[in-house]
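Protein sequences appear in the order of chains W and C.
Just so you know, my numbering puts 71 at position 45 of the first sequence, and the rest follows in order with no gaps.
Just so you know, my numbering puts 44 at position 31 of the second sequence, and the rest follows in order with no gaps.
If you're looking for bench data, these hints aren't it; they were derived computationally from the structure.
Be aware that one or more of the hints could be misleading.
Just a few of them, taken from the derived set where beta-carbon distance is under 8 Å, the chain C residues facing chain W [claimed, not checked]:
no.: 1; residue: Glu135
no.: 2; residue: Gly228
no.: 3; residue: Gly273
Computed from a predicted model, the values in this text were never measured in an experiment.
For every residue, glycine included, the Cβ atom is placed at its ideal position computed from N, Cα and C.
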Amino acid sequence: MARIFTYIAHKSGVPDDSAAELMAAARKIDAASSPTAIVTGWGPDLDAVCSSLQSSYAETWKISNEALVYPNAELVRKALVKVLPPGSILLVAHEHFGIDLAPGLSVKMNAAFVSDVLGIEGIEGSTLRLIRQEFGGQVSAHVQCDISSGAVITLRPGAFKPLEQASANGVVADKSPELGPLTAGRRYLETIVAEAGDVDITKHAVLVSIGRGIQEKNNVAIAQELADALGAAVSCSRPVVDAKWLEKSRQVGSSGKTVKPQVYLACGISGSFQHLAGIKGNPFIVAINKNPKAPIFQVADVGIVDDLLEFLPELTNKIREMHSVSVK
Amino acid sequence: MEILVCARRVPDTSENEIELNSAGNDIERDDLVYSINEPDNYAVEEALQIVSRIGGSVTVVTVGGEDDEEILRREMAMGATHGVLISDDAFGGSDGRGIATILKAFVQKGKYDLVLTGVQAEDGGAQVGGMLAAMLDYPFASLVNSIEVLDGGKLKISREIAGGNKEMNEIDLPCVLSIQTGINEPRYVGMRGIRQVASVPIPTYGASDLGVDPGAVGQAAAKVKRVDYFVPALGKGAEMLQGSREEIVEKVVELVAAKGGLK
Ligand SMILES: Cc1cc2nc3c(=O)[nH]c(=O)nc-3n(C[C@H](O)[C@H](O)[C@H](O)COP(=O)(O)OP(=O)(O)OC[C@H]3O[C@@H](n4cnc5c(N)ncnc54)[C@H](O)[C@@H]3O)c2cc1C
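Excised from the complex, chain C in its bound form (with noise of 0.2 Å):
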């Protein structure tokens, strides 16, 4: 099965204190962490499970810039076949369907059965994979946490729906499908994993290869613009707890048994 992963570089939430810079318009973006986004890690993971099932290839792309590749390189050195760079100026400010419509036109240069996306991004909103199938006109499944690869060019695949529960359906191929956390244990990757697909060539490809009318994507074609972030005013908040550590967890006994929390 030739499966495409659409993936993205993302600041790592767990890793950093997300703070605004000084003009409110982008958060403070040196000295952050970035990771692969993890649900994408999942779809990866969750590729090369099938392929190693039943065959086939593993594409990695992501529309980006230079600093990109390192998720790329870091999904080959867990096996995947391929990685592939979209970058262009002409790509830059789009929205989710922006991403959406670049992704495409990629998609139909190649033979995909499956295009893989994680449930959502950091920044973005569960968009992209869902976008990506209905201009595709392909099935598309939102949160799908299990694939059975069936006979007669199907799968039987599950979704996660409200208090843990499963929801199991069939889809035909090719479709797209947004994966989510938990579907997998995703291996790990040592330095030694990426130093060794530190110089693969990675194909970059702009607008005019994949055919994308730049006045269609970009910042100009976007319908949906972030105007600027903010911290907003909060309600009022935790009463944090200052002292030593043996003053605080004195203090935290005594709220607890007040509360009826101590047997």
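Isolated chain W (complex conformation) (with noise of 0.2 Å):
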């Protein structure tokens, strides 16, 4: 059986919830493994970083070079290539780092490649059957992947629920002395942070929140006069965005915002798990699409397969009527 390995990300010394993610899905693949821990860095974070995986992973893999202080997917590849054993596979959260460092390490490491995997049904031989998403998670697709020369695996985030399990009291490796001189061709500068827009959807109890079945500009305002009725905000999916009909501080998603409402209105909106990640504290979800196979409809409280654009003005005038009643 091939060596397991996940990838830590972290921050401030602080492990990302993906690690437990990535543990749990090591076992999916091999009930009996016991999957190494890889940490790259640079300092105290790093220090602290491996100590807090010592309760959960048996070992740690500490690679520490002043270079890999901000994480460059090019210089922890190269990193990467030097330490893994041949035929090793690497499980990493795909996300905007593990989308930059993940296809090209499996080219450097020969081996196989399968990103954004949903779920593990198991090994045979060398076979690891997975599960994929594909046209926005319409259709999941039953994928195999020859491991015979080792894989590199990118998991979704949330796909995968983290173990109950025993504090490991595990070991710490250094690793870092098979590195050698790191040079990139790419070189980070700075990180800016997303600015503040008028609206702060974060603190809305309702969103009425529309996505690219609104179709156009001028329709936005038949969103924001729902929301006006409801005291609520109108927040929206990133294809909105991208068109410019409205600020990039009205996104929902693992690229935007991140909101927890009462209650949430997906209008024409598809349901990917992009937009979705955005969405917490478990809201009362009501969506309206004109495609009754909307995986919207998965996650949703309640569905309405109906064109938004009538049905939106429509609700409105209910609200609008009950609140005059409620005046008198």
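Mind assembling these two chains? They're in different frames, but the hints should get you there.
Given below as structure tokens:
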């Protein structure tokens, strides 16, 4: 059985939530496996991460180098190629760093590559069976992967439930001396934090959220009118921001804001995982979509198959009517 | 600057209800609306904007079949200088690595300063750009949402990271970048524009033209294979409201009020 490694992202000395999910995924590949955590970085933060992993991982490989103080994927790749034994399976979270690192690493390791995996069905000989989604989550696919020369696999955040486990009392092995000098054709400069917008969607109890189904900029007013009647704010999915119909600060999702409303009206939103990743706190979700197969209906509490351009104005009228009755 | 954009034609998920075919080994492809993969179109627009600032050319390449010429013509109507189709029976069933291997051979036949791809494709998974860069030993950046050309063979780019924050980097040319949607506003392409390029010949290259070993690509060489498609058994799913629009509106108001969503 190939040796399994997990790449642990971290920030300010704390391992990312994905550390426990990657462990759970490793156990799905092989229930008896004891995966090894790999952490790259520099200084006291790196030591803090390694020591906190000792409770969950039997073994942690520490790769310390000043050039790795910021996780530059090209440098991390060079470091991993040096230390990973041939034929290893490496698990990485499918987010902005994993997307940057994993495909190139698989080439340099001469290993198979599968991205954005949601499920692991198990291993038979040198064939690993995995589950992915395609076409915006409308269908899933079984994928088989030949791991005879190793594999790099990125895992969808949230898809693997962390396991309950007894403290591992693990050891930390320092692999830094194996590195040699590290240089890259890409250099990190700085991080620019997203600007705050006119409306803070993270503070609203009710969100009227619109997606590509709103079709054009002029129609945004239809959602705003409903939001006004409800005392809610208008939020949106990414294509609405890409088209410049609303500001970036209104975007819900992995590359936008994380919101925790009580009620979320998803209007013309298909329900991609990047969008859903921004909805937390288990709100009551009402989905309006003209496609009865839209994945949003799998996660919504209530679904309506209709044209939002006709449905929303009627809903707005009804709510206004109620307000005027209650005022009288 | 000589820029190559790798693009693909895919079923448009916002326009289609994707269903399985009866055998379950593919999606039902009859009657699907196809278009250029969305981020690839942003990549072409970005290339055109760079060239209009500093000069150069934009070549759009796709690995596929005759049907895929349609997107090449569309991008040429947008302003791309050349469209190239890479097509060979030996390429069928290639995994991401196979496609990257084919593209690498094409890149090495030309002289490009910059290679762009889209961030990901509907049925792919953000793989070809990063693999291609590693095969060429070029630097790579994914999720790129702005590009500024600097002096001295370098670019300043930003990458989109969590929460809408931007990671700024400097990167040496030649390099490969995967382009994220929203980086620009792609220009509109009308029927007239497409008609104007309808008869421009599109060169086609096969395995032997590119010097690609057919054994290193295609179904047989693929380490990763899709076995079948399925629609997963769902959790409980949404309660679908039935009835007239008026009845549904009333029901929604009632439910939203019960959840504290009415002031
Ligand atoms: C790295 C990365 C990060 C991303 N981050 C985010 C993010 O933070 N947030 C985010 O939202 N996305 C994000 N995305 C994009 C994401 O993958 C999806 O493409 C996006 O969420 C789709 O938005 P949508 O549902 O509005 O559009 P689509 O998927 O196109 O869906 C539109 C829906 O509207 C319906 N519709 C159309 N017309 C009507 C009508 N008249 N009435 C009713 N329904 C109608 C259609 O049936 C369809 O279901 C990210 C992607 C990547 C690669």
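**Prompt:** Is the shortest C-beta separation between C/Gly228 and chain W less than 8 Å?
**Reply:** Interface hint status for C/Gly228: violated (15 Å vs cutoff 8 Å).
**chain W contact restraint on C/Gly273 - CB to CB distance below 8 Å** = Holds, about 5 Å.
**Item:** Restraint check, 8 Å cut-off on beta carbons, for C/Glu135 near chain W
**Value:** 5 Å, holds
Checked against the numbered hints given earlier, this structure breaks only hint 2.
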